[in-house]
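**Student:** Protein sequences, first through last, are from chains A and B.
Reading the first sequence from the start, the letters are residues 1123 to 1334 in this note's numbering.
Reading the second sequence from the start, the letters are residues 38 to 329 in this note's numbering.
It is worth saying that the hints were derived from the structure and are not from the lab.
Errors might be hidden in some of the hints.
Claimed, not checked - Which stretches of chain B does chain A cover? Using the computed rule of at least three CB atoms under 8 Å from a CB of chain A, they are:
#	segment
1	145-151
2	159-165
3	203-210
4	213-227
5	264-271
To be verified - Derived pair list, reagent style DSSO-like, types lysine-lysine, alpha-carbon separation capped at 27 Å:
#	chain 1	residue 1	chain 2	residue 2
6	A	K1129	A	K1176
7	A	K1139	A	K1157
8	A	K1129	B	K214
9	B	K101	A	K1306
10	B	K253	B	K61
11	B	K315	A	K1309
12	A	K1157	A	K1199
13	B	K101	B	K315
What the hints assert, rightly or not - Among the chain B residues that face chain A by a calculated CB cut under 8 Å, a handful are:
#	residue
14	R121
15	I122
16	G197
Please read all numbers here as calculations on a predicted model, not as lab measurements.
Ideal placement from N, C-alpha and C gives every residue a C-beta, glycine not left out.
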Amino acid sequence: MIITSAKPLEEILALLKDEDDIFVIGCNVCAAKLKTGGEPEVLEICRRLEGSGKRVVGWALPTAACSVRSFESLAQKNEKINEAHCILVMGCGSGVSTVASVTEVPVYGSNNTLSLGGSSEGKLLSGQCIMCGNCTISEFGGLCPKSQCPKGLLNGPCGGAVDGMCEVNRENDCVWNLIYERLKKIKRLDLLYSIHAPRSMVLNNFISNILI
Amino acid sequence: MLFNFREKLNSSKFLVTAEVSPPKGTRFSVPLEDAHQLKGIADALNVTDNQCSIMHMSSLAFSKLLLDDGHEPIMQLTCRDRNRIGLQSDLLGAYALGIRNICLMTGDFPSCGDHPGSKPVYDLDSVQLLQLVRKLESGIDFAGNMLDGGTSFCTGAVSGIDPEKILQLIKLEKKAKCGADFIQTQAVYDVGMFEEFMEAISHLEVPVIAGLIPLKSLGMAEYMNKNISGINVPEEIMFRMKEASNPIEEGLSIASETIKELMKLSRGIHVMPIGSHKNTPRLLSMAGISGK
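Next comes chain B alone, as it looks inside the complex (with noise of 0.2 Å):
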C-alpha cells in the first residue's frame, strides 16, 4: 500500500469509502467476499460496530480480518456497548493489531435492535470518545495512568447535514475542536442542502466525506424521509425513483450524478448500500471514478 488513509486525507485525491458490515456469526467468508469487490475501489472500509444495534462479530475483529485481507480498515466505535474501561481496552487491542483508522459515534439506542433488554451504557458521548482517544494519543489513559504505548489513529466523526439544525452544528463545532482528522456525515440526496452545510461549517477545518446511500426504491425514500433523521430525499428524486422502470438503475444514476456534484464540494464520498457492495463498482464508475 503505497499511502495509508491518513496520508489520502492530506492529499488532494478524493477519497471514497464503503461501509461493511461484520457477519452475523463466525463465518466470514461472505463479507469478506464482498469487501473484496471493493479492492482498488475504495481507499478504506468502515466497519460497523453492531449497527442498529443488532448484535454482530466485533467491528475489531472484523476489521483486523479485512487488514490481513490486504484492506484498510476504520473501525467504527460507538458509546453504547463499553464504559471508558472497555473502550480504552479495545482500542489499545486495535492499534496492536494494526489497525490505525477509527470512526466515533454515540451508537442506537438497544431498543432498536435485536437485543432490547440490553443495558445502554453511553459511559461517555462521542465528543468524549474523542477526547479519550486524543489522551491515548500523549501516552496516558483516561485517568491519567501511563502507557507502555500509546496509540495514534486517523480519528474519524459524524454528523448530520440539516444547515437548520443549529444543535447538531455545535456538536460538530465540538468534535472538530477535540481533533477529529475527519467527518463522515449522513446520507446526502439534497446537493443543495449539503451545500449550505457545507458554507455553515466552512470555519471548521477538517474533512468532510460525504454519506450515500443508493436507493433502491420509492418505498425506501419514503421510510427514510419519515424516519431517518437528517435525510431528505427531494421531490425531484422521489419523483425519477416513482416513474423509474428500474428502480435498482435510476437509484444508482441518481447516486452517480449526486457524486459527481459532491466532487466539487465534499473530499470525498461514503457508500452505504443496504445489503451487498455489487452494484458499488459500476456505482463509482458511472461516476468517472476508476480506482487507484
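Next comes chain A alone, as it looks inside the complex (with noise of 0.2 Å):
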C-alpha cells in the first residue's frame, strides 16, 4: 500500500488559486483504505471546494488513479471530465502522474506521498520497502534493513541503539532487534553472519528507467 496523507485545504486551495471548473478523480485502492482518496474523501472535497467558491464540474472513481487505461476510460465513468479546466487527483504521486500521462488539462494532487506500507491489526505500517529493485529481504527474515533502518545498514545495527529503540526516533524499535528476534523465531540465527555486499542503485527502478 502507498502510504499518503491528505494535504490541508488551503493548500490545496493554494494550488487552485488561478484554476477553476475542476474535475474530482479518486482512487479506491491505497488512498480509499487510507481516507485520502475514497468516496467519501472524494465527496468531502468536491463539497468544501464548492463552498469555497470553487465550480467542480464532476468527479470519478476509478479502481486506481495509477491504473487508467486511456482518457475515453476516465471519461466513461464520467463524461463531465471533458469540461474540465484542471484535474485534482486524490491519490498517491503515481496516480497523479498516471492521470496527468493521459489528460491535456493541468493536473493537481490533494495527497503527499510518504512510503510503502502497510497496514496490518489495525496499525497503519509505514516504509516498509523503498522499492531498490534487487530484492533479499528474506536474508532478513523478511523485514528490510534498508527501509526500515533509518541508515539502511545491511550489516548490523549502528551504536546508537537505546534499549533496543531506534537512535533517530526513540519511538521505534530498532528494526535490527527486530530481524533478531524474527531470525531467532524461524530458527536462522545464522542469517546474521553473512557479510551483504552494498546495493547497487543502478538496479534501482528509477534509474534503470532513465538507462532504458
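Hints given; two lone chains; assemble the complex.
**Tutor:** Encoded structure:
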C-alpha cells in the first residue's frame, strides 16, 4: 500500500487559486483505505471546494488512479471530465502522474505521498520497502533493514540504539532487534553472520527507467 | 618520528590516542594549540568527522594540518555524508597528503546535529567501507578499475562493549573479518563489563583500544547512562561523583584508576574529553603514563 496523507484544504486551495471547473479523481485502492481519496473523501472535497467558491464539474473514482487505461476510460466513468479545466487527483504521486499522462489539462495532487507501507491489526505500517529493485528481504527474516533502518544498514545495527529503540526516533524499535527476534523464531540466526555487499543503485527502478 | 602508529600497534607499547575536533570555521589555531598539549604523550590523534552531525571543517583537512604540525593523525571517516565515489576520492586524497591512519564508522544521523534536514547518505555501512578500503589497497577501486597508486592505511573500526549485545558482537566480528587493524571502543566505566567483552571477542585477533571519557559531573554520568548506547556508569562511580566536593578532580581520579585496570586488559586507551585536553596530560601522569 502506498501511504499518503491529505494536504490541508488551504494548501489545496492555494494550488487551485487560478483554476476553476475542477474535476476530482479519487483512488479506490490505497487512498480509499487510508481515507485520503475514497468516495467519502472525494465527495467531501467537492463540497468544500464549492463552499470556497470553486466550480466542480464532476468526479470519478477509478479502481486505481495509478492504473488508468486512457482518457476515454475516465470519460466513460463521467463524461463531465470533458468540461474540466483542471483535475485534482486524490491519490499518491503515481496516481497523479498516471492521470496527467492521459489528460491535456493541468493536474494537481491533494495528498502527500509518504512511503510504501502496509497495515496490519489496525496499525499503519509505514516505510516497509524502498523499492531498491534488488530484493534480499528474505535474508533478513522478511524485514527490510534498507527501508526500516533510517541508515539502511545491511550488516547489523549502528551503535546508537538505546534499549532496543532507534537512535533516530526513540519511539521506533530498532529494526535490527526485530530482525534478530524474527530470525531466532524461524531458527535462522546463522543469517546474521552473512556479510552483505552494498546495493547497486543501477538496479533501482527509478534509475533503470532512465537508462532504458 | 621513530615509530609510526601501525608499528606501535605491532609493538608491546600501551597506546594512547586522543580525540581532537576540527574547528567550526576556518581558523584552526585554537584546536592546534589544544593538540599541542598532547605532543610526546599521545601516540596518535583521532580527528572527528563532523561528530554528532554538527558541521565542522573536514577531518581530512584538519588531519593534514595536524600532520604538518608534527602529529600523527587518525582520520575518522563516516558513511553519513559521502557515497562510494566521495569516500574513495577522499581516501585517495588523504593518502596522497600523507595521512596513514583512518578510523571508520557509520556516523550519527543528520537529525542529531545542526543541519537536521540534510540528506543522509549511508551508501555503504561501516563493514562495507572497510571492504572498500581493503580494495583500494590492492590497487583497484571499488568498481574494479585500475588505480595509478593505491593506498595502505592502518584502518580502525569502532564498537560498543556490552557483551550482552549479540548483534554488536556479530558486527564487530564482521569488521575483524574484513581486516580491521584495530578496534576503538565506546567509553569504558565498568571495567568488569569490559573484561567480559574482551572474553567474548577473544577469538578475534584484533587489538582493542578502550575508550575513555573523564566524568565532569554527576549530571553528565546520569545523562550518558540514559542517552548513550553502550555506556554503563556503575552505581559505585555514580556515588563517588555524587559525594565529590570537586567533581572534575574526582572524574580524573576515576579515569586514572580505570586506565590502570585497562592496562591489563586492552592494547591502549583512547581519551575523548568533553571540551579541551587541558587535563589530559595530568590524567595520564596520574595513571602512570609519562609519554614516549
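**Student:** Each of the hints needs a verdict: does it hold here or not?
**Tutor:** Status of the hints after comparison with the structure:
no.: 1; hint: 145-151; in the structure: holds (count 4)
no.: 2; hint: 159-165; in the structure: holds (count 7)
no.: 3; hint: 203-210; in the structure: holds (count 6)
no.: 4; hint: 213-227; in the structure: holds (count 3)
no.: 5; hint: 264-271; in the structure: holds (count 4)
no.: 6; hint: A:K1129 with A:K1176; in the structure: holds (18 Å)
no.: 7; hint: A:K1139 with A:K1157; in the structure: holds (24 Å)
no.: 8; hint: A:K1129 with B:K214; in the structure: violated (49 Å)
no.: 9; hint: B:K101 with A:K1306; in the structure: violated (47 Å)
no.: 10; hint: B:K253 with B:K61; in the structure: holds (23 Å)
no.: 11; hint: B:K315 with A:K1309; in the structure: violated (52 Å)
no.: 12; hint: A:K1157 with A:K1199; in the structure: holds (21 Å)
no.: 13; hint: B:K101 with B:K315; in the structure: holds (23 Å)
no.: 14; hint: R121; in the structure: holds (7 Å)
no.: 15; hint: I122; in the structure: violated (11 Å)
no.: 16; hint: G197; in the structure: holds (5 Å)
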